[in-house]
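One-letter residues, chain by chain:
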Amino acid sequence: DAKTTQPTSMDCAEGRAANLPCNHSTISGNEYVYWYRQIHSQGPQYIIHGLKNNETNEMASLIITEDRKSSTLILPHATLRDTAVYYCIVRDNTDKLIFGTGTRLQVFP
Amino acid sequence: NAGVTQTPKFQVLKTGQSMTLQCAQDMNHEYMSWYRQDPGMGLRLIHYSVGAGITDQGEVPNGYNVSRSTTEDFPLRLLSAAPSQTSVYFCASSSYGDGYTFGSGTRLTVV
Numbered sequence: 004d005a006k007t008t009q010p011t012s013m014d015c016a017e018g019r020a021a022n023l024p025c026n027h028s029t030i031s032g033n034e035y036v037y038w039y040r041q042i043h044s045q046g047p048q049y050i051i052h053g054l055k056n057n058e059t060n061e062m063a064s065l066i067i068t069e070d071r072k073s074s075t076l077i078l079p080h081a082t083l084r085d086t087a088v089y090y091c092i093v094r095d096n097t098d099k100l101i102f103g104t105g106t107r108l109q110v111f112p
Numbered sequence: 005n006a007g008v009t010q011t012p013k014f015q016v017l018k019t020g021q022s023m024t025l026q027c028a029q030d031m032n033h034e035y036m037s038w039y040r041q042d043p044g045m046g047l048r049l050i051h052y053s054v055g056a057g058i059t060d061q062g063e064v065p066n067g068y069n070v071s072r073s074t075t076e077d078f079p080l081r082l083l084s085a086a087p088s089q090t091s092v093y094f095c096a097s098s099s100y101g102d103g104y105t106f107g108s109g110t111r112l113t114v115v
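Protein sequences, first through last, are from chains A and B.
Heads up: take any position in the first sequence, counting from 1, add 3, and you land on the working numbering.
Heads up: take any position in the second sequence, counting from 1, add 4, and you land on the working numbering.
Each hint can be trusted.
Only some residues are given here: those of chain B computed to face chain A with a beta carbon under 7 Å:
no.	residue
1	Tyr35
2	Gly46
3	Leu47
4	Tyr52
5	Phe94
6	Gly103
7	Tyr104
8	Phe106
9	Ser108
10	Gly109
To be clear, the hints were calculated from the coordinates, so they are not data collected in a lab.
Each residue gets a CB set at the ideal place from its N, CA and C atoms; glycine is no exception.
Next up, chain A with everything else stripped away, as it sits in the complex:
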């Protein structure tokens, strides 16, 4: 079973920051948090991952709480092309990726 809980859907205005929350209260000390997104029926696209420190790359920022029980993916300036399903995944020590149901983000003009 997926180890994460995400809201089913969210809306965001174009140009604003999209903040997508994820709860992973049962995460173990050596398990990473990964974020992917899937646009229409394309293959999922890797966005970012982290262990305990906040991470930033050209696509997004990942904020992980100090107790590691939750995290937030931040898209700083959402565009219409960011409309997708976003998956938060805890990658265990066998390196399996078990997907949950994700958050459907709708960016509107």
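Starting from the known structure of chain A, fit chain B onto it as the hints suggest.
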């Protein structure tokens, strides 16, 4: 650098037929996985491999076989196709600690 290549992109099978979905990666990744995605649903892990010669079952392995004779290839075999196996199949690969790269998918219909 082609990434993860899946063939075929589309396939229609009759119930009871067998076939192999091909997956190849040219990134020398140790980890490879197969997923299926039913309409309106999330991805479910079928089988995965942590290296050549090593495979293990995922969430929904029944009706599928895999082998990993080389680092590059990870074929998925449907032994006797059933309508319940109508789905989109994604292959993915990764190095340890990195994000998985997904292929573009194979859309399979079993009639």
